[in-house]
Structures are given as C-alpha cells and as structure tokens.
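Peer 1: Everything in the sequence shown is counted per this note's numbering, starting at 92 for the first residue and increasing by one.
Hints are computed from structural coordinates only; laboratory data are not their basis.
Using N, Cα and C, we set each Cβ at its ideal position, and we do this for glycine too.
Just to be clear, a hint being listed does not mean it is correct.
[Claimed, not checked] Label-pair ranges, simulated between beta-carbon atoms:
no.	residue 1	residue 2	range
1	220	290	17 to 23 angstroms
2	126	195	32 to 38 angstroms
3	169	94	37 to 43 angstroms
4	183	269	19 to 25 angstroms
5	93	289	25 to 31 angstroms
6	294	178	36 to 42 angstroms
[Said to hold, decoys possible] Derived DMTMM-like pairs (lysine to aspartate or glutamate); straight-line CA-CA distance at most 20 angstroms:
no.	residue 1	residue 2
7	187	210
8	187	102
9	122	143
10	170	268
11	126	301
12	289	257
13	176	163
14	169	268
15	224	248
16	151	107
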Amino acid sequence: MSNKLLFIKPDLNLNEKLSIVGSSGSLNGSKLGSKIDMSVDVIRFNTATTKDFEEDVGSKTTYRAVNNVVFDNNDLTKKGYTGSKKNFIKKLRNNKIIYIGPDQSPWANRNKNSHKSNELFLFDYDKIHLIKKYLNCSFPQNLQIGTIIIAICLMSDITPTIYGFDLSEKKRTHYYENRPSGFDRINHNVSEENIAIKKLIESGKVKYVDSQL
Numbered sequence: 092m093s094n095k096l097l098f099i100k101p102d103l104n105l106n107e108k109l110s111i112v113g114s115s116g117s118l119n120g121s122k123l124g125s126k127i128d129m130s131v132d133v134i135r136f137n138t139a140t141t142k143d144f145e146e147d148v149g150s151k152t153t154y155r156a157v158n159n160v161v162f163d164n165n166d167l168t169k170k171g172y173t174g175s176k177k178n179f180i181k182k183l184r185n186n187k188i189i190y191i192g193p194d195q196s197p198w199a200n201r202n203k204n205s206h207k208s209n210e211l212f213l214f215d216y217d218k219i220h221l222i223k224k225y226l227n228c229s230f231p232q233n234l235q236i237g238t239i240i241i242a243i244c245l246m247s248d249i250t251p252t253i254y255g256f257d258l259s260e261k262k263r264t265h266y267y268e269n270r271p272s273g274f275d276r277i278n279h280n281v282s283e284e285n286i287a288i289k290k291l292i293e294s295g296k297v298k299y300v301d302s303q304l
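Using the sequences and the hints given, assemble the complete structure.
Peer 2: Next up, the structure:
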C-alpha cells in the first residue's frame with residue numbers, strides 16, 4: 092500500500108514500508124544494512140553514499156532528498172564536508188530526487204543541475220509553515236530536510252522507520268565523511284528539532300531504530 096505525499100510535485104507515492112536513513116556516524120558498525128534494504132522505499136539525504144557502507148546502511152535508495160546547496164552542485168569539501176564534492180547531483184543517473192529549499196534558483200536551473208535521466212520532485216516551500224505547525228516548532232531558523240521529510244510522511248499518513256539520526260547534543264557526525272563541528276547550527280535549531288522528533292518517537296508516530304544497540 093502506498094500514499095501520496097503532500098506538498099510534493101509532481102505526485103509522489105511512497106510505500107508504507109518506508110525507511111528514512113539519516114547520515115549519522117552512529118550507523119558505522121551497526122550492521123543494519125540488510126534490515127534497511129527490506130523496506131520497499133528508502134529515502135536518503137544530500138550526498139549520502141552506500142558504496143563501501145552496504146553492511147551498515149544498505150544498498151537501496153529509491154529517493155534522495157537534497158537541499159539547495161547540494162542541488163546546486165557546490166563543492167562542500169571546502170567547508171569541511173570531505174565526501175561532498177562538486178557536481179554530485181550532476182553525476183547521478185536514473186535517480187529520483189526531491190528538492191527541498193527556500194531558494195528556488197537551483198530548481199529553476201534543474202535542467203542544468205541534473206541529468207535528464209533523473210526524475211525530479213519539488214517540495215512546495217510555501218507550505219513550510221504547515222510543517223512547523225505540525226511539529227510545534229516556532230523558531231525562525233530553517234528546518235533540516237530530514238525533519239521535513241519525516242513530517243511530510245506523517246502528514247500523508249505514512250509511518251516511517253528512521254535510522255541514523257543524531258538526536259543527542261553530542262557532536263554530529265556523518266558515516267561516510269568528516270563534517271565541520273556545529274556548522275548546521277548556524278542555519279538550523281538542531282536542539283529544538285531533536286525535541287520534536289523525540290516526541291514523535293515517544294508517541295509512536297515514528298519507528299526509531301537505535302543504531303547503537
């Protein structure tokens with residue numbers, strides 16, 4: 092059974108057997124790959140790769156949600172993201188990509204930013220206030236795309252299983268690359284988002300797999 096996602100164009104239907112895989116370094120050594128690959132649909136984010144990490148994160152990616160910086164093919168290695176090289180999106184083939192960002196210029200240049208073999212979807216960012224209202228998040232900073240995807244799924248009557256989300260105040264990590272400490276805290280309210288996600292888990296709306304168990 093599948094449901095149509097709200098606020099996404101063109102229409103996008105996700106199976107109820109859905110895994111949303113974050114990029115936390117806690118996935119390293121977890122051996123959760125086979126469990127993740129049992130899902131019908133698997134969403135990953137930005138430049139997250141599965142190559143050489145299949146045992147821990149699986150090999151299946153049915154959709155990739157990306158922000159404006161990644162969709163614009165910027166070189167993020169200069170900012171300390173060692174695995175996020177220039178033209179990442181441009182080099183993908185036959186992928187299904189969901190663009191999420193307040194800046195519409197990367198989307199306007201989508202035919203340049205992405206190969207024609209990719210299937211592209213757009214989140215209507217004018218609806219972000221509805222996402223924040225659902226999550227009870229009143230802060231002015233932008234939501235991270237992982238949080239947005241979780242909320243969209245729930246609002247579309249899909250109960251996802253989530254892996255690889257850093258939900259504590261410890262240093263944030265990526266399983267496939269080094270990343271700058273605290274960089275995303277400039278544009279996001281990470282602690283408040285974590286509180287919102289934890290409440291969803293505690294209420295049973297989201298299934299959370301702890302990669303450290």
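Peer 1: Where does the structure disagree with the numbered hints, that is, which hint numbers, in rising order?
Peer 2: none
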